[in-house]
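There are 2 protein chains.
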Amino acid sequence: MRKLGIFMNVTLNGLYADANSDMSWAHQSPDDTEWNEFTAANASGDGALLFGRVTYDMMANFWPTPMAQQMMPTVAEGMNKMPKYVVSRTLDKASWNNTTVIKGDLAVEIRKLKATPGPDLVTLGSGSIVAQLADANLLDSAQVVIHPIALGAGKALFGGIARKLQLKLTKSRTFKNGNVVLWYDPA
Amino acid sequence: MRKLGIFMNVTLNGLYADANSDMSWAHQSPDDTEWNEFTAANASGDGALLFGRVTYDMMANFWPTPMAQQMMPTVAEGMNKMPKYVVSRTLDKASWNNTTVIKGDLAVEIRKLKATPGPDLVTLGSGSIVAQLADANLLDSAQVVIHPIALGAGKALFGGIARKLQLKLTKSRTFKNGNVVLWYDPA
Numbered sequence: 001m002r003k004l005g006i007f008m009n010v011t012l013n014g015l016y017a018d019a020n021s022d023m024s025w026a027h028q029s030p031d032d033t034e035w036n037e038f039t040a041a042n043a044s045g046d047g048a049l050l051f052g053r054v055t056y057d058m059m060a061n062f063w064p065t066p067m068a069q070q071m072m073p074t075v076a077e078g079m080n081k082m083p084k085y086v087v088s089r090t091l092d093k094a095s096w097n098n099t100t101v102i103k104g105d106l107a108v109e110i111r112k113l114k115a116t117p118g119p120d121l122v123t124l125g126s127g128s129i130v131a132q133l134a135d136a137n138l139l140d141s142a143q144v145v146i147h148p149i150a151l152g153a154g155k156a157l158f159g160g161i162a163r164k165l166q167l168k169l170t171k172s173r174t175f176k177n178g179n180v181v182l183w184y185d186p187a
Numbered sequence: 001m002r003k004l005g006i007f008m009n010v011t012l013n014g015l016y017a018d019a020n021s022d023m024s025w026a027h028q029s030p031d032d033t034e035w036n037e038f039t040a041a042n043a044s045g046d047g048a049l050l051f052g053r054v055t056y057d058m059m060a061n062f063w064p065t066p067m068a069q070q071m072m073p074t075v076a077e078g079m080n081k082m083p084k085y086v087v088s089r090t091l092d093k094a095s096w097n098n099t100t101v102i103k104g105d106l107a108v109e110i111r112k113l114k115a116t117p118g119p120d121l122v123t124l125g126s127g128s129i130v131a132q133l134a135d136a137n138l139l140d141s142a143q144v145v146i147h148p149i150a151l152g153a154g155k156a157l158f159g160g161i162a163r164k165l166q167l168k169l170t171k172s173r174t175f176k177n178g179n180v181v182l183w184y185d186p187a
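Residue numbers (this note's numbering), protein chains in the order written: chain E, 1 to 187; chain A, 1 to 187.
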């Protein structure tokens, strides 16, 4: 069975995007060599990626560009190469390299996907998908980066989940730039 | 000048209370000796406390009771003894030992209070006061406990603040029960 984890950047008050869906604050961390190494290592793994449509579009319009290759060559190469899945009712085909479109009932399809052979899956961003996966009890781990910033309004991680999600902290790491990474398993 | 800090328990997704204003999850941490020592030490300090009306009522109806003294004798003694301030437009006098009512414009009154001699101030809970103090640039530090739990809806720490609040992480501490305490100064 493939495991499904999430990786999410949030503000100290739990938002992954501001009221206009902007997430640029998550990429404006002060320069920090260890942090850069951490994000690069994270993206060069052997996993597969799972996205909602909004996050997919954002990523698919950035990582294949020459700009991305110049800014973050290691991460860009990893992102473009890894197998990717995008959950969408409207998308027929996905143009980004090595991407499969998932249609139909989310919980059913993800259960099927987890049962196929292949690398473990990680969801980046994709807040509404993450909430649905949590409610369907399909998340095997969560890696959350808490940025040293608060916003007055926006989209909350796990916003709208129907039941309380109890987690178990397995690890934490603090970076000089003020980011704190927390790892959780289901409780 | 007295410093003003906040101490806040939040879910992993930044909520200090659920949609019904319930915060009981913040007091249901699995048993953890270090955590108990930490909260007891925190409450037995030499500071003064500042509350909004809702949090004040909750505290004033609990800490002076025999039940509180049996459950948490050290914390109860500290809470009952410390100087306390409650911000309220409607309250005329406060019955809890050593409590002063603050009326009038919040920012003006807190600036005055910080300029008087006395111990440093800490705000517990009091989410709407905390947001107003952040916008008025009156917070000197923030101590946030991230509990290993997520809720679908509720009241967000710093909810409604008018401008982005940039912070500086100064310290962090992880407990066996999964709570993570983060200390911040203004950036």
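To be clear, the hints were calculated from the coordinates, so they are not data collected in a lab.
Quick caveat: nothing in here was measured; it's all calculated off a predicted structure.
Mixed in with the good hints, there may be bad ones.
Which copy is meant is left open, because identical chains are indistinguishable; a pair holds if it fits in one copy or across any two.
Below, computed lysine-lysine pairings styled on DSSO-like, alpha-carbon distance capped at 30 Å [claimed, not checked]:
hint	residue 1	residue 2
1	K112	K176
2	K176	K93
3	K93	K164
4	K93	K171
5	K168	K155
6	K164	K176
7	K81	K164
8	K176	K103
9	K93	K168
10	K171	K155
11	K155	K112
12	K103	K171
13	K93	K3
Check K112 against K176 for me: Cα-Cα at most 30 Å, and say if that holds within a copy, between copies, both or neither.
-> neither (41 Å within a copy, 35 Å between copies)
Are the CA atoms of K171 and K155 at most 30 Å apart within a copy, between copies, both, or neither?
-> both (25 Å within a copy, 27 Å between copies)
30 Å Cα threshold - placement of K164 relative to K93 = Neither: 36 Å inside a chain and 38 Å across chains, both beyond 30 Å.
What label fits K81 with K164 when the C-alpha limit is 30 Å: within, between, both, or neither?
-> Answer is neither: 36 Å inside a copy and 36 Å across each miss the 30 Å cutoff.
Copy assignment of K164 with K176, given that the CA separation must stay at most 30 Å | between (32 Å within a copy, 21 Å between copies)
Checking K93 and K3: alpha-carbon separation at most 30 Å within a copy, between copies, both or neither?
-> within (25 Å within a copy, 57 Å between copies)
What label fits K155 with K112 when the C-alpha limit is 30 Å: within, between, both, or neither?
-> within (29 Å within a copy, 36 Å between copies)
Checking K168 and K155: alpha-carbon separation at most 30 Å within a copy, between copies, both or neither?
-> Both ways: K168 and K155 sit 23 Å apart in one copy and 23 Å across, limit 30 Å.
Evaluate K176 and K103 at a C-alpha cut-off of 30 Å and name the case that applies: within, between, both or neither.
-> neither (41 Å within a copy, 41 Å between copies)
Check K93 against K171 for me: Cα-Cα at most 30 Å, and say if that holds within a copy, between copies, both or neither.
-> neither (38 Å within a copy, 47 Å between copies)
Identical-chain pair category, K176 with K93, by Cα at 30 Å | Classified as neither: same-chain Cα gap 41 Å, cross-chain 46 Å, threshold 30 Å.
At most 30 Å between C-alpha atoms: does K93 with K168 qualify within a copy, between copies, both, or neither?
-> Cα proximity of K93 and K168: none, with 38 Å in one copy and 44 Å across.
Taken one by one, the earlier hints fail for this structure at numbers 1, 2, 3, 4, 7, 8, 9 and 12, listed in ascending order.
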